[in-house]
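Engineer: Listed here are the chains, written in short residue letters.
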Amino acid sequence: MLRLALQTEPSTLDPAYAVDYSSGMISSLIHSNLVRFDPEGKILGDLAEGWEVSEDGMKYTFRLTTARFSSGRNVNAEDVVYSFKRLLDPSTMSPRWWVLEPIRGAENFHGGGYWDETAVHARDDSTLVLYLNRPAAHLLSLLTMPSAGIVCREEIESSGADYGRSPCGCGAWKLVEWREGERLLLERNSFYTGAGPHIDGISIRIIPESMTRIAEYEVGNLDVLEIPRAELSRWKESGVPIIREQELRIVYIGLNNEKPPFNIAAVRRALNMAIDVDAIISRVIFSAGIEARGIIPPALRLEPIRGNGYGYDPQQARKLLADAGYPDGFRMEIWQRENPEGGRILESVQGYLYDIGVDAELVTREWSAFKMAVDRGTPDAFYLDWFADYPDAENFMAPLFHSANAGGGGNRARYANNRVDSLFDAAALTPDAEARWRMYEEAESLVYHDAPWIFLWFPTRYEAVSDRVEGYRIPAIFNAQRYLDVSL
Amino acid sequence: MTYAMFKYTLKRILILIPVLWGVVTITFIIMYVVPGDPVLVLAGERYDEKTLVEMRRDLGLDKPLHMQYLDYLGRVVRLDLGRSFVTRRPVAASIAERFPKTLVLAASAMVLAVVIGVSIGGLAVYNRFAWLGNSLMTLSLIGVSIPVFWLGLLLINIFSVRLSLLPPSGYGGGSLAHLLLPALTLSFASMATVARVTRSGFIDAAGEDFIRTARAKGMGEIVIIGKHAFRNALIPVITIVGTDFGSYLSGSVLTESIFGWPGLGRLIVQSIMKRDFPVIQGAVLFMAVVFVVVNLLVDLCYGIIDPRVRVGSGRK
Chain H
0 MLRLALQTEP STLDPAYAVD YSSGMISSLI HSNLVRFDPE GKILGDLAEG WEVSEDGMKY
60 TFRLTTARFS SGRNVNAEDV VYSFKRLLDP STMSPRWWVL EPIRGAENFH GGGYWDETAV
120 HARDDSTLVL YLNRPAAHLL SLLTMPSAGI VCREEIESSG ADYGRSPCGC GAWKLVEWRE
180 GERLLLERNS FYTGAGPHID GISIRIIPES MTRIAEYEVG NLDVLEIPRA ELSRWKESGV
240 PIIREQELRI VYIGLNNEKP PFNIAAVRRA LNMAIDVDAI ISRVIFSAGI EARGIIPPAL
300 RLEPIRGNGY GYDPQQARKL LADAGYPDGF RMEIWQRENP EGGRILESVQ GYLYDIGVDA
360 ELVTREWSAF KMAVDRGTPD AFYLDWFADY PDAENFMAPL FHSANAGGGG NRARYANNRV
420 DSLFDAAALT PDAEARWRMY EEAESLVYHD APWIFLWFPT RYEAVSDRVE GYRIPAIFNA
480 QRYLDVSL
Chain B
0 MTYAMFKYTL KRILILIPVL WGVVTITFII MYVVPGDPVL VLAGERYDEK TLVEMRRDLG
60 LDKPLHMQYL DYLGRVVRLD LGRSFVTRRP VAASIAERFP KTLVLAASAM VLAVVIGVSI
120 GGLAVYNRFA WLGNSLMTLS LIGVSIPVFW LGLLLINIFS VRLSLLPPSG YGGGSLAHLL
180 LPALTLSFAS MATVARVTRS GFIDAAGEDF IRTARAKGMG EIVIIGKHAF RNALIPVITI
240 VGTDFGSYLS GSVLTESIFG WPGLGRLIVQ SIMKRDFPVI QGAVLFMAVV FVVVNLLVDL
300 CYGIIDPRVR VGSGRK
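Protein chains in written order, with numbering that gives the first Met the number 0: chain H, 0 to 487; chain B, 0 to 315.
So that you can see chain B by itself, here it is in the shape it has in the complex (with noise of 0.2 Å):
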């Protein structure tokens, strides 16, 4: 690493800082703002006011609000991320528990999309295989059409009920016949925009004076296609995939529903619904911390592919 990477790397490390205090204020006041009271949660369907005020009064919830966020602030300072109201569970262990599956998810629906798309992508280019490529951009424009709801339960239909090839839901101890369905679901959405992208790459590298050079110098299409066009090809693919991440790793709820995954999207969903404060400001933490050191590795990964972006390099 050279000293200017270094000190644009500490320098993005420490924007982090002030985004990270936004995203925790930030979700204490809508936590705050939107109605609905934790403690009618844990009383359930009969209970009297008293039990009410003494509840409020052991978790907090009565002091006033600048205290309460005081207080939080110190805690995600100290890295306590406090318990659950509801299951009265740490929630880091919760968190530990979860996020590792909602990542394994997330981590195969993007291979998946990247290699099917950039494989669809890549075809639609190259002449000989066009009716397929372009047939598979088609479906693949369906299939991004498709509300993630609906093309679950088909997957389901199809893969389990009727041809019982796969498991219908759950985690199954990670075994990658349960993980091949929702994977696939989840990556449905972005595999369109990356075989587009990709294809729109290509074509756009196809142009470029190199390859001209290279096809000159009498090397194969194979050659030309897979070395010299795929490289120039894959940086907006990179961009795509890694601002999408995010999005996988949060937005894999309806997923993560539909296939009974226990990943920590539906954790979020389920804490917001019962108002259960820590683990939703513990939570959506947790997200935005992956999510900026994601954006800040895609910054730094576009350094490796492409030397024209790679800081201080004009120094040399």
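Extracted from the complex, chain H is given alone in its bound form (with noise of 0.2 Å):
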């Protein structure tokens, strides 16, 4: 038995409702998809064996491996397009049916047109074929979203509103128990046709506080620590061994384009070279990251970021400043949730906005009203991260900065640049990685000229694991992990 612990309970194990991380972490043990990624973020088959791409990207045809749902019934190609047709369906209400957006008519059908029998259709038992509306480069990436898992229809039609605590996949894992608040226990599914897992159950205990987490892993009751930064040093010094891992994930200060005066660039640049975010990283963060002088974190780049980024020039972002009309600076309002660390963190950035004129009020809020302020445009600037859905860059760029996503979409600065725009309409047809990543680049060195936020780092994760496991490492991207390779 694999002993975890997470610091949230899931809400739901349904895929077309899990939205937060740890729902779609376990969501993703339990329902296998089409294809999934590897703990590196390389992209395997999991139903599917191997799938072929017509030359003009319209068409994919997915070829099923034998599998079978943790009830024992076989699964075939009729329940994955059960399960697409079903997060496309209006009447679901899937906040995450846009995984499945490139698909022909998917838009229509969601909006309560017609659905479209012949865009996903099975041609046999064992054989699914997909039309897009476009040729979409990152299908495959959304494919292993876990909103995109596979569910057994006859389940979802007796369960019904049960079924997010009561799921049936036909992944490596099968819930046995859910005690809430308490722990999930899963159970090798015995069904399962794939190379592993090695271990028997996974037991993942519901533990809010950090500290307590810290304690039972000391005591020996847990497998696996996510370590804190606060108590990075003390573990760095007592020579226990420490895994990490670069997070696909990316820390900034979002400020309103549209608000004055940052709808001026030369103001938004002004603050980014206000700060001296290597000193932060030390100083505050405990060194548990990299400073951020381009977007698309490091592990999904073909090449490396150029140029030195911002840097620190309190000089120059006060003669900024004053070009742009504001020499005696001005006020602003940076926003943030409830977190001491952020706090922390904040309050260094305010220091230094001081010092080249720029009186930064801290707005503390609470999660639910953070956001809802945020996605409506409400403040002047707010301190995020984003996390990757999918190891990709497209990930990084397009949710983040095309302007039809502003809001809640993923761009909450509102910025809009049209050749931006237009970059990123192209990639998304662009099959060929090489061009693809041209395109982004060009893409990204023009948002960071541009200075939407004021950019931070990307985090380090550090994990503490115990002797008796073998096998495991973080993976790149959360719904990775199947605990496929690890053994006790």
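Careful, some of the hints might be misleading.
Capping the alpha-carbon separation at 16 Å, the derived lysine to aspartate or glutamate pairs in EDC-like fashion look like this [what the hints assert, rightly or not]:
#1 Lys49/B with Glu100/H
#2 Lys58/H with Asp115/H
#3 Lys258/H with Glu332/H
#4 Lys49/B with Asp88/H
Some chain B residues near chain H, calculated using beta-carbon distances under 8 Å [said to hold, decoys possible]:
#5 Glu53
#6 Phe98
#7 Leu162
#8 Ser199
#9 Asp203
#10 Gly206
Please keep in mind that the hints were generated in silico from the structure rather than gathered at the bench. For glycine and all other residues, C-beta sits at the position ideal for the given N, C-alpha and C.
Hints are included, so try docking the two chains, each in its own frame, into the full complex.
Structural biologist: Here it is in structure tokens:
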């Protein structure tokens, strides 16, 4: 039994409604997808043992392997059709229907139109054909997301709203017990046909308090522990082996690009130059991150970030502000959610901004109120981060900076640049990885130069793993972890 | 039960109706006044406006406020607490799963507070052990000043990490070992109060005529303190514990979080964070019912312990 702990309890294990980290992570252990990521972030077949893409990139043909649901029934191509149609069906009301948006007629069906039977169809029991609206280079990445998990029709129909607590998938694990607020118990799905897992089960306890999780690890009740940054130096000194991984995540302060004076690019650049990000990294977050001199995290890049970024240059920052018509600076509000570490970070930022004459006031709201205000564009600036949904450069570009995604779509800074938009649109249609990368690289440097955010860092994750565990590694992305290689 | 007692109880129960209506209404108003939107929590990090509109309609959040209020009142009257927005689980099922755990924790904390508090208070009065009692009183005063959060982590560090005597956290199927540390943490705050009140209760009682009479009869000191003074000293203790019990039930949030205890307090806090209206409403209403029922029982208890406050006893 592998013993893990989570800070927050999953809301639901129904792929259609799993939007938070815990829900997506555990739902992915239970449900298989057509394809999945391995822990390094490479695409592998999951339910599909192979696939072909047509020349024009509009047709995908998947050959399915033999697999069974945890109920024992064989999985066939019709189950994939059912699962995809369910996710898109407007009556399902999945907030993640957009995962399958590239499929032909998907948007129309979701908007209340008819279902295009031919767009997703089972040619035979083990062959599934998908037709797209237009080529979508990141389609396979989308298909790895928890929401695109394959569900068992009869279980959905018999369980209804309770499916989220009694899921039935064809993944490596099945849920055997869920004690609310306490723990979830997963057992090996005896019908799973893929390689592994080598352990009988996983217990996932819900422990909200990080110090308590540490105590549980120290007494030997947990096998894996994420080390909080504030505790990092103690653990490093203690000599306990620690593993680390660069997260696919960027931490930033979004500026509301529609609100003066943040509608002036020079002002936004000045704010970037005013802050010594490296100093904050080493002193406030205990060096658990690398400065973001670009936007796409290093692991998703074909080439490293060029240039040295904005650097710390308060004099130049003051000059830029004066040239933009703000020689005496201005007042602004930076919003944050309740979070002690965020508070310490923003107090440093506040100090740096004060040095160039910008009087920043910190406003703290709890998560729900914070999110509502940010999505509606109320605050001048907001401290936030962005996690990858899937390991692809695209995920750090179009959702965050395409003008069509302003607000809740992900572009919370409300940045708009026609050239950048058209690069994103073109890249999405480009199957060739190299050519696609060139477009993202150009878009990235344009966005970075326009500075819709104050760019901070790419965080590093540190974990301790008990001696009795072998084969564990921190996955590149949360839903790539299936514990198939782990043994005890 | 006498007729007067029955009438009194019935009156108290009828008063509960407007009280609970007030709770329902105030909870409803607060939820809608506080900023935050439940569908934003459900939608995650990346969503489109159209889906939000659909979700709001599905959850009935698009209706005018007074309609939502009336709908909700109608459901409460039918004892239907609805389903959680977030987990889609029936609210009653979540409460039923979590409340017993909160109750166990609160009851154990109360027992600890009374047993330890009264012992300390009693010892402080009894001359021979005054030094011990007084140092314990000082200790308990320090105890009441320690923040629960820090105390909980301290206890975990000492008893679990260093001494390996007790598990650090979790419910553990309700085992005594798992219960001990959270119960102790939760009881600390009232333990000191109970000790002080007991002590002054004993001192007051010691000056009463009936104690002097008992002494004059040649009764042993232990019997005098244990039987005569004890009962009198107990009345203020019951008041304190009775009022505190309600706050044990609702105020165990921090303790529950530190010890990963799957109780109702944590459910309420989580659902407030997620703007999970049905769970907030259901759980708050449930706690209110528990609170008023406990208060009622405490009031009825007085009569059993102290004949002077027994309702209707004057007529006999």
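Engineer: Next step is simple, just say for each hint if it's right about the structure.
Structural biologist: A quick look at each hint next to the structure:
The hinted pair formed by Lys49/B and Glu100/H meets the criterion: a straight-line CA distance of about 14 Å does not exceed 16 Å. Simply put, Lys58/H and Asp115/H have alpha-carbon atoms about 14 Å apart, close enough for the 16 Å limit, and the pair holds. Distance restraint check for Lys258/H and Glu332/H: the Cα-Cα separation of roughly 12 Å lies within the 16 Å cut-off, and the hinted pair is therefore satisfied. The straight-line distance between the Cα atoms of Lys49/B and Asp88/H is roughly 14 Å, inside the 16 Å bound, and the hint therefore holds.
With its C-beta approaching chain H no nearer than about 5 Å, Glu53/B sits inside the 8 Å limit, and its interface hint holds. Interface restraint check: Phe98/B against chain H, minimum CB-CB distance 11 Å, threshold 8 Å, status violated. Proximity of Leu162/B to chain H is violated relative to the hint, the smallest CB-CB distance being about 10 Å (cut-off 8 Å). This hint is violated: Ser199/B has a C-beta 37 Å from the nearest C-beta of chain H, more than the 8 Å allowed.
Checking Asp203/B against chain H by beta carbon gives a least distance of about 43 Å; that is not within 8 Å, so the hint is violated. A least Cβ separation of about 48 Å between Gly206/B and chain H goes past the 8 Å threshold, and the interface hint is therefore violated.
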